[in-house]
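Chemist: Spelled out from the first residue to the last, the chains are:
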Amino acid sequence: MSSGVGYNDQTGAETAVEAGQETTPTTSSSGAAFGLFSADFKKNEDLKEMLESNKESLKLEAMKRVVGLISKGKNASELFPAVVKNVASKNIELKKLVYVYLVRYAEEQQDLALLSISTFQRALKDPNQFIRASALRVLSSIRVPIIVPIMMLAIKEAATDLSPYVRKTSAHAIQKLYSLDPDQKEQLIEVIEKLLKDKSTLVAGSVVVAFEEVCPDRIDLIHKNYRKLCNLLVDVEEWGQVVIISMLTRYARTQFTSPWKEDAVFDENNEKTFYDSDSEEKKGPTEAKPYMMDPDHRLLLRNTKPLLQSRNTAVVMSVAQLYWHLAPKHEVSVVTKSLVRLLRSHREVQYIVLQNIATMSIQRKGMFEPYMKSFYVRSTDPTHIKTLKLEILTNLANEANISTILREFQTYVKSQDKAFAAATIQAIGRCATNISEVTDTCLNGLVLLLSNRDETVVAESVVVIKKLLQTQPTQHSEIIKHMAKLFDNITVPMARASILWLMGEYCDRVPKIAPDVLRKMAKIFTTEEDIVKLQTVNLAAKLYLTNSKQTKLLTQYILNLGKYDQNYDIRDRTRFIRQLIVPSEKSGALNKYARRILLAPKPAPVLESAFKDRDRFQLGTLSHSLNVKASGYQELSDWPAVAPDPSVRNVEVIEPVKEWAPSLGKAKQPKSDAKFYSDDEEKEEEGSERSTSSEDDSSSSSSSNSDSGSEEESSEESEKTSSGSGGSSSGSEKSSSDAESEQRQKKKTKKRTRKPAASDSDSDENGNADQASSSATESSSESESDSGSDSPAPQKKAEANTQPKMAVKSKKEVSLLDLDDFSPVVTNAPKPSVISSSLLSDLEGLSLSNVSSAVQVTSPSFGPVKTYELLHHMTGKGLAAKYHFPRQPCLYQPSMVSVQVILTNNSDHALEEIHIGERSPASLNVHCFNTIERLEPGASVTVSMGVDFSDSTQAANFQLCTKEDQFGVSIQPAVGELLMPFTMTEADFSREQRNLQGMNETSATVTMATANTPRQAISKQVLSVANVGAVSSSQDNMLRFSGRTVSSKALLLVSLDLKDSSAVLLTINTEKTVMASMLLRDLTRALAQA
Amino acid sequence: MIHSLFLINASGDIFLEKHWKSVVSRSVCDYFFEAQERASEPENVPPVIPTPHHYLISVLRHRIYFVAVIQSEVPPLFVIEFLHRVVDTFQDYFGVCTEAAIKDNVVVVYELLEEMLDNGFPLATESNILKELIKPPTILRTMVNTITGLLMLLPLRHSPLRTRNPRLLDDVSFHPCVRFKRWEAERILSFIPPDGNFRLLSYHVSSQNLVAIPVYVKHNITFREGSSQGRFDLTLGPKQTMGKVVESVLVSSQLPRGVLNANLNPSQGTYTFDPVTKLLSWDVGKINPQKLPSLKGTMSLQAGASKPDENPTFNIQFKIQQMAISGLKVNRLDMYGEKYKPFKGIKYMTKAGKFQVRT
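Chains A and B, in that order, give the protein sequences. Residue numbers for the first sequence follow this note's numbering, so the first one is 18 and each next one is one higher. Residue numbers for the second sequence follow this note's numbering, so the first one is 2 and each next one is one higher.
So that you can see chain A by itself, here it is in the shape it has in the complex (with noise of 0.2 Å):
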């Protein structure tokens, strides 16, 4: 609510509104007085002393007729200084005018409109979305290069926000930052990146349209999210339909096989064998299906197909053009109706679409023949459209409609649109050449047309008879008479031209004609068109050679008039003619050839689509519109002969990118926030549901493989659980990190039934995972370096890393296929009342994913979890409660700690009312579940939970109750899960250092349990005990970490100075002495074990 009524709150300006709206008219009337230029400058001054004046209602008006001003291309730019004064103000309404005025001309008054900018970082900070998100929008449309650090750091800042709105200005800001500066491509990648993994279907499209333009190439980024982005596109904003779906058919060119392969069989057997061969194993055994599609082929196919229903036109070309790229043949005829629909839209909406398919229709035919009245030309068309849609009745011409075609093409003849007529008898020429059982008719057709009064027509008519006679000459030489008749009457040059070509090419048909027509062009020779004096020269020559005797004088006639034409093309003609066919002492070999070279016989000319050659571009482009590669296009490649390794595409890999916790919020999101996307913001959630789902497969292939489990941290666990419902061992301030999925936990759940002691391995295997993939996403330099984002082959190494886990998983899996049954438990979950048909329908989806080990969606996820008993079944009479830490900002307060409870009921019987009771110390804040009202035995249930620790480790005390009994539980924090990452520079960080020396620095020499430990693993060890991020860093040997404290707020910050093999120099700095302490000590326990 807030938010939408702080947006929209006019009521201070109402009276300023009104008065702004009566003078409206007045502001275009005088728009007159500004061809004066003396007039405008006086306007403007009268403007800044309203700009200048106490009274909001006057520097609103003068605002206003500003804008009316920059609307209309005229200069305002003198009043910057006096405009600039009012950034700050406290109206809205005046704000927003104000903010158009500074991102029109902050490009030309540089100096100035950095006056503004303190008031957007401000207003960066500022509780209200809609204000956050326009002051970054209007901060990153000021070009003005010496601001780029500070909108580098509004855009990280922002891409965390709760509020996903600001997320997605954040990735509108990416690409303008991108325009600005390209030098921060690389730091901007680092942020793509991130935002990619964004769940919120309004992000989605924003953040592809920045990848698009900043790192297009960098298909790599795409893998991890490929499945979750084709889950989302059915609620993503149509616009951003668009373009992902756009992005993906690149995608899916790159990464599977061709689904056309099977048709490939009918007509070249030999191909088949060549394939079977390597691609697919599965191929071999099965004759029947060469060819098996991957199964997120399958997936993306799918979940665009309902989207040809969209209302948005260009939604609909975009699902064509994917199917059409990507599809089975025999598939993309799905497409067909909508895309015909789309004809019934706006003209220049038709005008694309009739291109597209005039395209298709080349290859396809089939595809909308049925369809064929569509394209009947209405005599209010457009030119444009009618020339489309006659090339698609061409195309679609066979031997069974082209009765039908004909007719319907003898009434465009007389169209008075003649440029239509012309290219209705281009079309016919066209059928007839193509389709031989009409060849005569249509001759016949256009020779009547030759006596017609329009020129046009008649000439086109030639041009077009002309081209038809060269395929079958020998039967129409009565044609050919009665074109030399009408040559007189022809004046089109080109028709002249044509006429000229065919009496010299077939003179021997016409012996009698063909020198009388030349004598008649050596009378008028010099009056004619270039074009028909070549021909006539032409024809000169020919006759010439073939009838001596008749045309010799005549002919030289006409050598002689061209030798002094004025055009040099002529003269060059006539040079080369009389050189080739008189005999002379000069004239050398050639002569002899003359005939040969003049009478060749020649190839009849082929008459085919100007659409033709169009598929070289992908479909629905602007390129494909004009036929030209446009700037900027993106070409699609042709399907790889092996598929790339699938396995990119599962989500298993567990980074520890702390920073980007808020997006995991957003969907718990107080709705009040979300007012004006109330929509979005729902299916939003349906969307994280889902993903939670989904994340099933994920952590069941995560969550195994204990190969070198730390020793300790075991002895500490099982300790732990032995101890019962406490559950506040001591060893629990070795906090490990941990993941934010509830499913996850579930299986945990389950697993430690079994066998109590198991969980600590989890750590330790997730740890892993981090360093196979060394996460891409973690700002540290080093581990870019490492996952080396742009070449494939560190990716391949990560691949290799993760490949041995998997095939242990694997045989997990399938014990974990029966928890299928585990998708009515996440109806439990947090969330329950937002499940929607769509979440069930996106869970039928994933069945067909689980073929291949796969997961649908990544999230930022974390380092290892860590998972500590709350309550044991034993001592709960049957209700057993784990809890872990999610390490995501807390929504119910900022200075809470989030805390996530798994309840199980592993009693008989349903357990009711599962609530919490009291709490002590009674001060203690605590954010409470809401009461579980019923929980079936076996179930389990995830809730999330707020703490307040103020800082403290001291443990959090309260009662768990159910209906009938009350349990008294403890939470202890270890103090890194006291901390939130904070997101710094290099260069921040190193002043804040300087600010916390002295007594504000705690610092130990720790000696690593191995020699040259690799940076990631220390790295992931520090980030296992403390929820801190990682600072990038220039050198190489120092690590960085910062963080802020959870209640108070105050900066934690950790540098690791790696001195030698072994030894580790360990400094932290806060104002929190104690913590720091207490840090220190769980830090240098962990790193002396790594």
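What the hints contain is simulated information worked out from the structure, not anything from laboratory work. Keep in mind that the hints are not guaranteed to be accurate.
Unchecked claim - Derived PhoX-like pairs (lysine-lysine); straight-line CA-CA distance at most 25 Å: (1) Lys-435/A / Lys-279/B; (2) Lys-390/A / Lys-240/B; (3) Lys-390/A / Lys-136/B; (4) Lys-279/B / Lys-431/A; (5) Lys-107/A / Lys-136/B; (6) Lys-354/A / Lys-355/B; (7) Lys-354/A / Lys-352/B; (8) Lys-202/A / Lys-22/B; (9) Lys-89/A / Lys-240/B; (10) Lys-322/A / Lys-182/B; (11) Lys-112/A / Lys-355/B; (12) Lys-112/A / Lys-91/A.
Stated by the list, open to error - Just a few of them, taken from the derived set where beta-carbon distance is under 7 Å, the chain A residues facing chain B: (13) Ala-331; (14) Arg-358; (15) Ile-369; (16) Gln-983.
Unchecked claim - Chain A stretches covered by chain B per the calculated footprint, using a threshold of three residues with CB under 8 Å from any CB of chain B: (17) 82-88; (18) 191-197; (19) 332-343; (20) 396-404; (21) 639-645.
Predicted model, so just to flag it, every value in this text is computed and none were measured. Glycine included, every Cβ here is placed at the ideal spot set by N, Cα and C.
Place chain B on chain A using the hints.
Modeler: Just chain B, lined up with the frame of chain A:
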């Protein structure tokens, strides 16, 4: 994506410009003017025009060209669809989308354009969202919103709408608020309506169910060779309208160029003939089945000119209230999640689309 927008009126003046990235000089429109000059009709200006450094994508509505400037590859339909959305929004806000309305509300127009695109990418294009961000100039707005095919007033929440005879609907497209899956599975339209009027669905009746056209035309138009007179006789009649009146009938036709003038006599309504554009337009009004409307008379032709090749085509517009000629019926309308009792109403209307009769 979309760099700038220029609004150009019929006489070729740029009366509004808006830039979302760096300012593009308005001289880029010169390429547009060139194309406009080449085009014989305003509609013939190609929607996509390449220039050396930019691409111009334009739509023409209400005799205003909305010209978007593009710098690199983007699906042209994306831009076209957006421009139409801009026009729709203006119409929604100001009642009409004319040069005068735009100029009078230039501040609102600017605010709208600012919200609709960020860095050239659409941000908020839904009318209900925009109206929360920017108040329309007048609250008083007409409730009537015409939709080709049918009109629905649905001031409801969570309304599954059940339609009968889904075979009838060959091809449908939906407003984004409709749940596709529900439709696909059960043929029920389930949706949460946004505020205000909106088009829930458009549909196409498959060619198998041939829908009878409710109007027929009898014509006799002859030009005699050598004579400077032509005969014109046109009669309209209703066909299968189930007792409903065909109204708001308007016939227009582009007569051949050789026609100098027409001297006609309508049995009802009024007709106009423009000797310059050769456009004949006959406002018929209602068709009374007992007394069929006709337009008869003579046309004078250019002396000595030969008889025109082409017979004119007639564009016919009409409306039929309380009837959906396609046979579509809304079976029921349920509403969930609201306590109040809604007013439910459905109003059927048939309106001719692009209906042309060749003679």
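Chemist: Which earlier hints can't be squared with this structure?
Modeler: Hints 3, 9, 11 and 16 contradicted; others consistent.
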